[in-house]
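A.B. asks: For the protein sequence lines, the chains are A and B, in the order given.
In this note's numbering, each residue carries its 1-based index in the first sequence increased by 691.
In this note's numbering, each residue carries its 1-based index in the second sequence increased by 3.
Keep in mind that the hints are not guaranteed to be accurate.
[What the hints assert, rightly or not] Derived DEER-like restraints, expressed as beta-carbon distance ranges:
#1 L238/B / L875/A: 56 to 62 Å
#2 S852/A / R97/B: 26 to 32 Å
#3 A373/B / S906/A: 22 to 28 Å
#4 W297/B / R754/A: 35 to 41 Å
#5 S906/A / K137/B: 21 to 27 Å
#6 V281/B / R742/A: 53 to 59 Å
#7 A760/A / E283/B: 54 to 60 Å
#8 F741/A / Q156/B: 38 to 44 Å
#9 V165/B / K853/A: 53 to 59 Å
#10 S726/A / Y122/B: 19 to 25 Å
#11 L875/A / I103/B: 32 to 38 Å
#12 L707/A / K137/B: 32 to 38 Å
Derived by calculation from the structure, the hints in this document are not laboratory data.
Beta carbons are placed, not taken as given, at the ideal position from N, Cα and C, and that holds for glycine.
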Amino acid sequence: MKRKYRNGSRTIVSLLIGLAFVIPFYITLVTSLDSKADVFRFPPHLLLDFRWNVYVRAWDMFRWPMYIANTILIAVITIAIALASSVLAAYALSFIKFRGRGFVFIVMLVVLMIPGEAHLIPNFVTLAKLNLLDTYWAQILPYGASVFGVFLLRQFFLSLSKDYQDAARIDGAGHLRFLWSVALPLCRPILFTIGLYIFIGSWNSLMWPLMVTQSHHVQPVEIALARFLQNNSVDWRRLSAAAVFTTLPVILVFVFLQKYIIRGISRGEGVRG
Amino acid sequence: MTIDSELAIGSGDPMPPDVARTGPSPTGSLETDQSRTESGGTGLPRTGAREADPGRTGPPRTGKRDTDLGRTVPPRTAAREADPGRAVRMEKRRKSLRDIGLAVVFLTPALVFLLAFVYVPSVMALVLAFFHYKLGGVGTTWAGISNFTDALQLNVFRKALVNTFYYAGMMVPGTIILSVGLALLINKATRMYAFIRTLVLIPYVTPAVGTAIGWLWIFNPTYGLANGLLHWLGLPTSQWLQSPRMAMPSIAIYSLWHGVGFDVVIVMSAISSLPQGVLEAASVDGANAWRRFWRVTLPLISPTIFFLVIVTTIGTLQSFSQIYALSGASGGPEYSTTTLLFLIYETAFTYNHISYASAMAVLLVILILAFTLIQRWMGKRLVFYQ
Numbered sequence: 692m693k694r695k696y697r698n699g700s701r702t703i704v705s706l707l708i709g710l711a712f713v714i715p716f717y718i719t720l721v722t723s724l725d726s727k728a729d730v731f732r733f734p735p736h737l738l739l740d741f742r743w744n745v746y747v748r749a750w751d752m753f754r755w756p757m758y759i760a761n762t763i764l765i766a767v768i769t770i771a772i773a774l775a776s777s778v779l780a781a782y783a784l785s786f787i788k789f790r791g792r793g794f795v796f797i798v799m800l801v802v803l804m805i806p807g808e809a810h811l812i813p814n815f816v817t818l819a820k821l822n823l824l825d826t827y828w829a830q831i832l833p834y835g836a837s838v839f840g841v842f843l844l845r846q847f848f849l850s851l852s853k854d855y856q857d858a859a860r861i862d863g864a865g866h867l868r869f870l871w872s873v874a875l876p877l878c879r880p881i882l883f884t885i886g887l888y889i890f891i892g893s894w895n896s897l898m899w900p901l902m903v904t905q906s907h908h909v910q911p912v913e914i915a916l917a918r919f920l921q922n923n924s925v926d927w928r929r930l931s932a933a934a935v936f937t938t939l940p941v942i943l944v945f946v947f948l949q950k951y952i953i954r955g956i957s958r959g960e961g962v963r964g
Numbered sequence: 004m005t006i007d008s009e010l011a012i013g014s015g016d017p018m019p020p021d022v023a024r025t026g027p028s029p030t031g032s033l034e035t036d037q038s039r040t041e042s043g044g045t046g047l048p049r050t051g052a053r054e055a056d057p058g059r060t061g062p063p064r065t066g067k068r069d070t071d072l073g074r075t076v077p078p079r080t081a082a083r084e085a086d087p088g089r090a091v092r093m094e095k096r097r098k099s100l101r102d103i104g105l106a107v108v109f110l111t112p113a114l115v116f117l118l119a120f121v122y123v124p125s126v127m128a129l130v131l132a133f134f135h136y137k138l139g140g141v142g143t144t145w146a147g148i149s150n151f152t153d154a155l156q157l158n159v160f161r162k163a164l165v166n167t168f169y170y171a172g173m174m175v176p177g178t179i180i181l182s183v184g185l186a187l188l189i190n191k192a193t194r195m196y197a198f199i200r201t202l203v204l205i206p207y208v209t210p211a212v213g214t215a216i217g218w219l220w221i222f223n224p225t226y227g228l229a230n231g232l233l234h235w236l237g238l239p240t241s242q243w244l245q246s247p248r249m250a251m252p253s254i255a256i257y258s259l260w261h262g263v264g265f266d267v268v269i270v271m272s273a274i275s276s277l278p279q280g281v282l283e284a285a286s287v288d289g290a291n292a293w294r295r296f297w298r299v300t301l302p303l304i305s306p307t308i309f310f311l312v313i314v315t316t317i318g319t320l321q322s323f324s325q326i327y328a329l330s331g332a333s334g335g336p337e338y339s340t341t342t343l344l345f346l347i348y349e350t351a352f353t354y355n356h357i358s359y360a361s362a363m364a365v366l367l368v369i370l371i372l373a374f375t376l377i378q379r380w381m382g383k384r385l386v387f388y389q
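Start from the sequences and build out the full structure, keeping to the hints where you can.
C.D. replies: In structure tokens:
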């Protein structure tokens with residue numbers, strides 16, 4: 692009885708702490724919906740009003756649809772390229788036997804130990820030389836290979852029962868056939884996890900797009916929001932509204948697909964790598 | 004050897020039970036993958052590979068013996084035609100050549116990307132640091148180590164170095180204490196477990212600028228919730244991000260909120276994979292909860308904590324987004340929140356001192372590697388492995 696009671700109070704405390712983690716989102720929401728007079732009130736006002744007109748104004752001030760489309764476009768192309776390159780590499784490193792396979796894998800893993808700062812500036816110079824600065828490609832190509840993805844996929848492939856491969860071989864399937872019809876369908880959940888991480892990474896990326904882009908028409912939504920913040924630093928309601936509608940998509944994606952994100956965390960960190 | 008341990012850190016530590024909790028895992032058991040990876044290097048157990056593909060480790064025994072004998076007795080040509088193993092071997096060799104070709108084709112895309120955007124640039128960064136180089140400028144001249152010495156003599160650089168350490172000094176203990184505490188607490192709250200975990204993890208996936216707006220408002224000295232709370236408790240209020248003294252701690256508060264969900268999930272999966280028997284035994288022996296935590300739980304999860312210490316240190320040494328977002332792209336009042344990476348960004352892209360920034364980046368990379376090595380060295384002495 693006492694134990695049960697203790698567990699109950701623990702649940703309540705945990706729940707309160709959990710809710711404390713979403714307070715900043717709530718504050719943003721309250722601020723965006725406040726009336727002009729209520730925003731500047733102390734102590735702060737904590738109940739929701741429903742004045743959506745600020746949202747309409749904030750939405751109309753910037754070309755948000757274009758920035759969101761940019762973000763999604765960059766994410767989708769990055770996901771396609773990174774998944775393709777990772778699947779092929781992971782397949783070669785787990786199903787094809789050749790000399791030096793272990794060595795190649797280690798060479799790839801070394802990437803995880805090189806801090807991103809090491810290649811930051813030279814990558815900028817390379818893209819400048821290739822005349823790719825200020826394009827979508829500048830935001831895509833550096834993420835064309837995901838070592839995290841290769842690692843995750845290889846681990847998965849190696850854990851597959853050998854029977855699959857033997858059965859496929861007896862049926863006369865070569866590597867390509869096996870990859871396409873057996874390995875790829877089986878690893879769909881892992882592909883989903885990797886893709887999701889790349890998507891969230893793209894949605895949240897700030898430093899690299901800041902470095903390699905200047906024209907608004909190729910910039911992602913996070914950069915646009917940073918500019919919006921600098922231009923409108925006095926109108927808190929408008930800022931908060933913009934924060935809500937640019938952050939909400941990624942929160943929704945997380946809430947519905949968190950299973951895949953937690954899987955990625957439990958297998959080793961890998962945001963945009 | 005370092006790579007093996009890196010592997011163990013990156014993959015093995017965050018434990019599979021959590022995967023089991025979140026749904027059926029298609030990958031099967033992680034432990035087997037791990038042991039395979041460590042034992043073989045190539046991933047497959049040696050014997051398995053040999054059995055599966057005899058052609059690679061040499062022709063089958065019987066075939067070889069045939070040829071050896073055949074060389075002395077019948078004429079060679081006859082032996083060749085008579086040797087049934089030969090056709091099989093040729094076939095095998097052709098297949099293995101084809102396999103190598105396929106492997107090369109499969110590995111090329113990933114390796115080309117890594118070569119172009121990781122391996123070559125990492126070396127180039129080191130080279131750039133020894134030259135005077137300007138983007139769009141004419142020619143490049145040798146600078147020796149002047150970029151490094153200049154950077155080290157620069158006040159802002161020193162300030163950034165101190166700030167970076169200060170920030171890491173708040174973040175690493177903060178992350179560990181908070182994540183272990185929250186994980187222990189939430190773990191026992193069985194009923195709402197998944198829901199609370201979701202709440203704690205939401206900030207982790209959100210963008211820095213988007214969430215910074217809410218926090219800028221919370222930290223607002225006049226109307227913000229932070230001062231509202233202090234005021235209500237009767238404590239002295241603060242200027243938060245606008246005060247040189249409090250700006251960095253404010254960013255650390257934000258960053259803890261933003262990132263700790265990740266660490267909580269990792270600690271929770273470590274806790275849920277603890278051997279229940281040991282804890283029960285301790286309980287039976289009369290150890291109270293506090294003692295059980297210090298003597299049993301903590302040693303058992305120490306590899307995970309060690310992993311978090313390394314990851315958090317590296318992460319905080321590389322922080323940029325939160326600084327940029329919360330300090331309004333300025334690096335704080337009186338450079339109070341200018342970290343190394345922020346300074347590198349500014350030096351390279353605001354002032355176009357590419358090689359100067361490269362020298363700073365090299366120093367930062369050396370710092371990160373040195374920290375990782377020191378921590379690993381300490382970890383060997385402090386961490387308890389089962």
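A.B. asks: Could you run down the list of hints and mark each one as holding or not?
C.D. replies: Okay, the hints, checked on the actual structure:
Look at L238/B against L875/A: about 59 Å separates their beta carbons, and that is inside 56 to 62 Å. Under the hint 26 to 32 Å, the C-beta atoms of S852/A and R97/B, about 28 Å apart, fit the expected range. For A373/B paired with S906/A, a C-beta distance near 40 Å fails the hint of 22 to 28 Å. Between W297/B and R754/A, the C-beta spacing of about 57 Å breaks the proposed range 35 to 41 Å.
Distance hint check: the CB atoms of S906/A and K137/B are about 22 Å apart, consistent with the given range 21 to 27 Å. With their beta carbons about 57 Å apart, V281/B and R742/A fall inside the hinted range of 53 to 59 Å. Between A760/A and E283/B the beta carbons are some 56 Å apart, a value that agrees with the proposed interval 54 to 60 Å. Here the CB-CB span from F741/A to Q156/B is close to 58 Å, at odds with the stated 38 to 44 Å.
The hinted window of 53 to 59 Å between V165/B and K853/A holds, with their beta carbons roughly 56 Å apart. For the pair S726/A and Y122/B, the beta carbons lie near 57 Å from each other, so the given range of 19 to 25 Å is not met. For the pair L875/A and I103/B, the supplied restraint of 32 to 38 Å is violated, since their beta-carbon distance comes to about 22 Å. At about 55 Å, the CB distance of L707/A to K137/B disagrees with the hint of 32 to 38 Å.
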